[in-house]
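Residue numbers (this note's numbering), protein chains in the order written: chain A, 1 to 189; chain B, 1 to 450; chain C, 1 to 598.
It should be emphasised that the hints constitute simulated quantities derived from the structure, not laboratory data. Ideal Cβ positions, reconstructed from N, Cα and C, are used throughout, including at glycine. There may be inaccurate statements among the hints.
[Said to hold, decoys possible] Just the calculated beta-carbon pair ranges, DEER-fashion:
1. A:LYS107 to C:THR381: 52 to 60 Å
2. A:THR2 to B:THR83: 52 to 60 Å
3. B:ASP18 to C:ASP521: 19 to 27 Å
4. A:LYS107 to B:SER45: 35 to 43 Å
5. A:TYR34 to C:THR31: 54 to 62 Å
[Unchecked claim] Beyond 12 Å from chain C on every Cβ pair, some chain B residues (computed):
6. ALA6
7. SER91
8. THR232
9. ALA404
10. ARG409
[Stated by the list, open to error] Residues from chain A that keep clear of chain B, each with C-beta distances beyond 12 Å, as calculated:
11. ARG28
12. VAL56
13. SER64
14. VAL94
15. TRP96
16. GLN173
17. GLN177
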Amino acid sequence: MTEVPTISELIHHIKRCPAEFIAAPVRRGKGEVYSEALVNDVLRRLMQQPTAPGKVALTADRRSAAELLLIQICCWVLTHPFFARIDNSWFNEVFWSQLAAVAPHVKSELWVTDEQRAEELARMILKCSGYVPAGETSDEALDRFDAVNTVKRIKVIEKTAAAEERAKLLRRQMAEQRAREAANVYGRE
Amino acid sequence: MMKPVAVLSDNERFPLIDDLGFLKELRQDSCAPAFNFGSGDRLTSEKLAQINAYAGRVQAQQFWRQGSQPDWLPDFLSWCRATVPAYRSHSCDFLQLPSLRREQIAGRPWKYVSDECNPDEMLVYNTSGSTGAPMDVLFDAVSQAAWIVQLEAILAADGISLEGGQERVSICLVCNQESTLTYASLSTYLRGAGVLKINLNPADWRKPEDRSDYLQKYDPEILTGDPFTFLTLAEMKPPIRPKALVSSAMTLHDGLRRRLEKQFGCPVYDIYSLTECRMIAVARQAGIYRLIRPDLYVEILHSDKDEAMPDGERGEITVTGGINPFLPLIRYRTGDYGCLRYENAVPHLFDLSGRAPVVFVGSDGSFINNVDISRAMCEFMLAGFKLHQCRDRSLEFVGWGSAAAADIRRVLTHIFGKDCRLEVKIEAADNGESKKVSYSSEFTEADIKT
Amino acid sequence: MAERIATVTRLKESWAAAWSQAVAIWSPYVTLREPTWCLSAQDAQNEGLTGSFAMIRLTDHRVVIDLDSVHRHSVGDCAVQILAHEIGHHVLIPANRYDNVGLFRRMRLALAGIEDRTPLVANLYSDLVINDTLQRIHQLDMAIVYRKIQAKASIESALHIWYMRTYEYLWGLPRGTLSGGKQTAQLDADASLAASLIRSYARNWLDGAGRFAMLAYPYLIEDAQHNKARQELARYLDAEKSGAGAEVVGGMAEIDESILDGIVDPRAEALQNSDNKGEDDQESDSSRKRPEISDMRSLQGGTGPQKRYSEPGTYIDMMRQVDPAADENRLIIRYYREIAMPHLVPFPEEESAPLADLLPEGTDQWEPGDPVEELDWFETTLVSPVVVPGVTTRSRVFTQDTDTPCKSQPYNLYVGIDCSGSMRNPRYNFSWPISAASIITLSALRAGAKVMCCLSGEPGSFLESDGFVTSEHEAMLVLTSYLGTGYAYGIPRLQTPHLAEVKSTTHLLIVTDDDIFSMLDAKAPNGESNYDVAEKALARAGGGGTFVLHSRPGYSAGGVSRLEKMGWTIHYVTREEELVAFARAFSRKFYDRTGKRQ
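Use the sequences and the hints to build the structure in full.
Quick look at the structure:
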């Protein structure tokens, strides 16, 4: 049986991400890291086929810098020995599309510096790989991923933020106006 | 609770009136009271146009037919659903809509403000709550000025019109309280006419005679006040010739009405109105209130269920509509009870209760206005309270919330005098359900007319 | 009963033993006295504890612990954690009275409309910062304390759930460990934002204060929610009144623009970040949502010279929230003094002011915001070689030696201010006339003159100082009061006996508006014309007289020329703002004693 790491172990791993993985991706001729090459390198390592031809085409120019950076960071995450021990078929389009959805909401460096974002990334990748972190039940794992899920959080905020902002504005105005003279009133009612 | 503060300049109060000479005259007159506040209608030309348009509508609009709903109702409901947060999840079927209670609004008035409102135009009026806990009512300059239009409509039915114009006081709001905000103001809608709010309490004046002299000098077209105030005024016998007296806040009985009509030689109107929606109905004889606003739909609902009572049966008076975008009302329960009947296709309210005058008597036999009590209680954290006076002038007070009995005792002793026996009980307020304010007394008007 | 007392006494011993350990967690160099131990509920009440089992006071650097309550909450074995937490309030947040006010003023901006909730929110924020620091940096098991207390707590209010859920996020605790069973997706979202915020701003906690309060806002917007939350969280509120009983912290009347950047809703920030979808500039700060400075200004109503100051009502509210016992009169005087300060004449130079004129009386605390020229470096260095503004800094207090004959005594000053209905209450709204009068009065006092102040709104009422005074407090107390009666300054006030038997040359200064001409046309109570009253008073005073009229030149030309013939100077201001420039010029003309006298 494969031994799954705990979430804190993965977070620890993520936070040690070397600078090369978060260097600017090459887009439209500018940048430092060829993300596509990086992904294919990692895949070869996972498949233990060092000379296999590149399997993944990223078309970097059509992706945002944030998305490419997140892909690069994921590459670092996958260097954890655990991922070399498990099947790698989950490392596919479904996985990529998830990254595209979340990437624009988070400042890239936060994935490797902020505790919560690192946890989100660890849980997202584990979930995609079909494993539950050590010490958790699958329900717990699901709930904890929900709790740090940026896309979900943004949806909740989007739904309520405008109404809250308006309520705040009116509340403030009320406090200001109640202490002031109103227009002339007609008497007792 | 923080008292409101006068902070505007006169130019901000009356953006459209250039010559404020009359206002100064009203304030600086040698008989003038010591006004303690400032107030204006803040009407800009855009707002004034809206008020004039409302006046036109009021003249043209017809009441809904018996057994049917007003024509404007569907549009109003869909506008509420689209723009008012509290009504967003309402269905289209009016009769299925939940009723609305004062407490619901009081906790979160901002949820009842239409998205179309500009917060900068918000005005706030805190009602001390003669029948309920204190509440902030939000409105704007247009819905505020509407009361004069509504008043005109009432007078017009009897062929009376307001002259207005500069150099003329059109309306004088008369109070008789220990203390209240008083001011001299103008009405832009009435073309710069004066609007006064005065307190008959002699402490507000340099000499007691000034009260009568000041009124005589400016001879207002209309006086408004509550029945007790009018009684005090009648006894002062000021030589004035108003076009009408307008009584509000509590039922005006026929005896006093006849006396006032005879003494002042003008009709006396008893108006049923609420801060939340302004005027609703008017009575020329005790007990029969004619509805005056086709833009305010009145239903009679069952006291516990959101169901309309059968025609003519008694229940809680509930209103829908109005012109205040800061507080559009849908099935708002007024807390007052009565029945609704149609006469010549105009709806009338009968057996209106909740407005019976309550007579409190101080230890020296003087009359005490319950407004002073409501005001004084505002300083405490009470969800509501009940005050009853027995024939021997003793008082029973029950408050819900947190306050020290000794503090309540001190305040009541200040108002009623040292010799009134006083029983004060403070109980915990139940969470959620707030209690109302209720006054009762074994004294009647007969006890103070002597 | 006896058993309980024995338990509490045992607790005292073990807690006293834990104290030095708790101190050492922060730093062995922290010097705080051992806490005040309350052994009974009554003791605790006497110390000012209400509902919580601990509290701190910044004023005398105290920690107070209610051991009876500790026992009742079953946290007797958490001495080190709880004591370290209380010490954290002294060394980390709010740490000192100056930063405490800073915390409050930031949060009040964010809590616009519900500012009364500030002490609660400030306390919760401080606790989060301290506890997370202790748990993560100092490896102290703070979670156990909360687990114990929360196990028995009622957790119904949204604020309470959100706050506890934030700890769960911070410390990776399973859902519901501290926050009960009623979370929603929205509470989760907001708690996750709060946890990130606490981490990001742990070091610069003042910068995160506005954001945290913004997050709390929706959970406190309704009064009923607020009351419920307070009730449930009462036992944790140990720092709400930490600023009580202190001297007024200076420099708080002026708006600090740098803090406005931090009044941002993290929800808006989160959405703003996600608006950059697919764009390269996602790392640039410029696209972040931040309210325009002008918005924030209007939000808090910048007023006074250069619109740099808070409204006085706002200022008083804030300072009383920091210290509920603060005297409103002292606060309002402090407010106008701070505004006047940059405009005062310089202190007399030594050669022109005889030494005996001003006698050093002692020293007082000098706070950041006090005029730098009042700082006494010598005394400050005596207190401590390390200068901590507001803590070790001293200012010199002078007293006047009235017996000393003075060669060139400056003119005494009579200031009459129109305080009628047309004037705004200087306690609620910034008042240009009162600012101007403060500048002139404080300048005159600085120069060694005596001042008599009179507010008058007549017909109606007036308020005046007890003759000519040298006390800043007495003069300012009159100026910052309010009448709001009548329509103008009452000319008959010039008949005061203090002006009738005036001994030194006195200048009369009257600040009023157009309506003064109606007043001058009226008669004084003794039947004399008010014009005559003004003329006689001017002659007796001997130092000239000035009417400052908020009016247009040309209004009541007849009245003006009559006054000018008597010898009165008429100075018009068409906009109230001009009063400050007038006050500066007037002060320099009469009271600049640095030798550059005009």
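Verification of the supplied hints:
1. A:LYS107 to C:THR381: 52 to 60 Å: 47 Å, violated
2. A:THR2 to B:THR83: 52 to 60 Å: Since THR2 of chain A and THR83 of chain B have Cβ atoms about 57 Å apart, the given range 52 to 60 Å holds.
3. B:ASP18 to C:ASP521: 19 to 27 Å: Roughly 24 Å apart at Cβ, these two residues keep to the hinted range, so it holds.
4. A:LYS107 to B:SER45: 35 to 43 Å: For SER45 of chain B against LYS107 of chain A, whose Cβ atoms are near 50 Å apart, the range 35 to 43 Å is violated.
5. A:TYR34 to C:THR31: 54 to 62 Å: 59 Å, holds
6. ALA6: Violated, because the least Cβ-Cβ distance between ALA6 of chain B and chain C comes to about 8 Å, which does not exceed 12 Å.
7. SER91: The claim stands: SER91 of chain B keeps its Cβ more than 12 Å from every Cβ of chain C (closest is about 25 Å).
8. THR232: 24 Å, holds
9. ALA404: Non-interface label stands for ALA404 of chain B: nearest chain C Cβ at 15 Å, farther than 12 Å.
10. ARG409: 23 Å, holds
11. ARG28: 43 Å, holds
12. VAL56: Given that every Cβ of chain B is farther than 12 Å from that of VAL56 of chain A, nearest at about 47 Å, it holds.
13. SER64: 34 Å, holds
14. VAL94: At roughly 36 Å from the nearest Cβ of chain B, VAL94 of chain A sits farther out than 12 Å, so the non-interface label holds.
15. TRP96: 38 Å, holds
16. GLN173: Given a closest Cβ separation of 4 Å, the condition is violated.
17. GLN177: 4 Å, violated
In summary, the structure is inconsistent with hints 1, 4, 6, 16 and 17 from the numbered list given earlier, while agreeing with the others.
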